[in-house]
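Novice: Each chain, written out:
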Amino acid sequence: MRELLSVNDLTKRLPATGPPVVSALTFSVGEGEIFALLGPSGCGKTTSLRLIAGFERPNAGAIRIGGQCMADATTHVPAEKRGVGVVFQDFALFPHLNAAENVGFGLLSLSRAERKRRIEETIRLVGLAGFEERKPHELSGGQQQRVAIARTLAPKPDLILLDEPFSNLDALLRQTTRQEIRDVLKEAGTTTVMVTHDQEEALSFADRVGVMRNGRIEQIGTPEEVYYRPRTLFVAQFLGRTNLLLSDADGMEADTPVGRVALNRKAQGPVLLSLRPEHLTLKEATPGGTCAGSVLARAFKGHDITFTVLLDGSEYLVHTHNGMPFQPGDSVELEPIEPAVVLETSAG
Amino acid sequence: MTRVLAYLRRPWSWYVLAPILLVGVGVIVPVIYLVLRAFEADANTLGDLVFRTRNLHLFVNTLLLAAGVLALGSAIAFPMAWLTTRTHTRFRRVFTLFGVLPLAIPGYIMAYVLLATTGSYGTLARLFGIEIPRIGGYAGAVLALTLATFPYLFLNLRTALLGLDPALEETARSLGSGTRRVLLRVIAPQLRPAFSAGALLVGLHVLGDFGVVSLMRFETFSYALYLQYAASYDRVYAACLALMLLALTGIALLLEARLLRGLLLHRTGSGPPRRIRRTSLGAWKGPAYLFLLGTATLSVGIPATTVAYWMFRTEPGSLADLAQALWASLSASAPAALLATALALPIAYLGVRSPSRPVRALERVAWFGYATPPLAFALALIFFSLRSIPWAYQTLGLLIVAYGLHFMAEAVGPIRSALYQAPPSMEEAARTLGRSPLRAFLEATFPLLRRGLLVGVAFVFLSAMKELPITFLLSPIGFQTLAVNVWGHTNEALFGAAAPYALTIMLISSLFVGLLLMQSGRPMRS
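Note that the protein sequences, when read in sequence, are chains D and F. Count along the first sequence from 1, add 4, and you get the number used in my numbering. Count along the second sequence from 1, add 228, and you get the number used in my numbering.
Because the hints were derived from the structure by calculation, they are not lab data. Glycine included, C-beta positions come from ideal geometry on N, C-alpha and C. Just to be clear, a hint being listed does not mean it is correct.
What the hints assert, rightly or not - Partial list, computed: chain D residues near chain F (C-beta under 10 Å): (1) Gly87; (2) Val90; (3) Val91; (4) Leu101; (5) Ala104; (6) Gly244.
Let the hints inform the model, and build the full structure from the sequences given.
Specialist: Okay, structure coming up:
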């Protein structure tokens, strides 16, 4: 995959004398790839997006798109010359223009006929044929979202940036729209960077995810990598619920409060382990066993069950299949079904 | 200062910088000239000028006038606002209109009406044989200014009353408070910001008023300033008076800011507010209607009939003069309205999009230009133009610039409200779709500002057309607007001759007030 966007050591201070909002940000996105910047609010992800779009100027670092330098110490290509499309959180549709006019807004260099054809084509791509004449306020939230995507896709930008694109949609609409928009982007073959604070959104939408915290990227990887093999405590906790175990490691195994468990990599001495609830299961406590706990709560959710187990004064979460027979008060043992993940100690 | 400089060095284009510089220079520099002129005198003379007993007399008069107008205005505006929003009074919309229409009648026309109605030659005596002494002096000034300015209080209070959360009242009642306690402890505190804003506007009008006090012969700072300038040409004393008047205005502004500091009164809960509950008046119904009808008669009925009456008494044939005056008013007010709006646009834009300390300072400068009593402002501009740009003195251009700088603040508000409807992301979207910053603004934001701009233009046009003192001091020789004609004829008790000019002002103004009312009634989008 050829590299399309590369961000190098990007730093931005807001205000200019304040602490960096984005610091030494480095990542690259390949052609046609969907990349997500995921992090809590205030982590600098939206600022990063605005830097790439050209709305803000970095204090240090460089941005290259398609091999061409867009921003560094001496260069600043203005937003309108970058060939980068942006879909805003509030969609930012022009209320005085109808859907077709909105989509055609960026098609400056085309002839009238070409323009018309391109508008038709893009509107069909996002599945809005028949809505061309509607003004934005006459469209539903999901339809507005699609007009915004179409408007951004129409000029065929090299790169599309999505700023929390689904947060304005209600929960029901969000999942279906997400899948449809992903299909549209993949069909158009557009390289995409999205920022979001919703881990489910990032995991299901992106090819690769960069988890951000305090202006820095803590880990980059495929959704599976960052979910199953978080590098730091922050990544482990931000991507979903997890059980943290203070343990004593010795090579590929460690002694933990729940017993001896296998590790995903070699470690020595005191380490912090992460075990996702679905990587644990329950079994009946063996009489005289040292690691027995008791079931504190059981939440039946249809396709699975979440147990809360009290062991040595700590609570552990366990997701199991819906046939697990234990009830609150039962004495159980926790059993890992995957190796525990060793977290880096440096990152607090 | 360095921060301001650093700010100005940002890559802004001429179309933002030029208006900002004009505003800053146009408002601040003349005031500096005023100070310079006052301090030309040596210390002894200056002390003599400032610490005269006459000044104390003017000071007391000005304060008494402001207090009287505020008291009487509140006595009208509070019940009127309450009756038209919170009771089952019939014809609430009509009475609301009567609370707004006086805006179309400037103070000096109110004064004209009072003078032309009372006394042995007045309309009352002529039509009904009722002879009451001619209203003048303090009572006349208070009455005229109250009738002309109470709509500012009324409108503010009305908006506040409509915005109150009825749940608060209901909570107070459920906690055992009676009607009076609810009124005093729950409603009144919430009306404070609105009252304070309205009172400030009324106060600024009183401080700046020249037409009413001069016609009623009641000596305030403004009137003394005019006499000083027009009669004796003692410019140092005039400059001193202007500075004292400015100081008084500054105190009013500070007081208002102090009253409002830390005051944040709005609903804290979520969920849609419930509908307002209206009170039945019971036995008070009669007095309430009497009050509303009486106010409407005084503030709109009598002025309209009086002007119409004198209109038919006037000899025909002065139509050419009227046309000339109308043209004079239009030729100054229309360009001023456009200029003020053009200046207000970048200020409102920066205020909404990149609020920062220098921008807030700039907004304050605009507001300062508005709050400056017009006579003092005009005097400052005269000193400035005579000293630095003598070729511009007494030209139509300078008059237009003076109007524009003075009334610009009136256009900032509506443009700002419109800007809040246009999120910045729309302009950024236009940027990413290949537009330069200026074109992005013009294509994405500007179309949404049209109504705000229109309202701004209308406001300033209306104000400039009614304006008297600035016109008086700055207009070219022989340039007589409608307002100047009304004042001139009334000053000589030629009520018939003044009538056509007054009627024209009232007609044009009510047309604009109607337009503004219609605009504000409609939602901004769709």
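Novice: Tell me, in ascending order, the numbers of any earlier hints that this structure violates.
Specialist: Hints 5, 6 not satisfied by this model.
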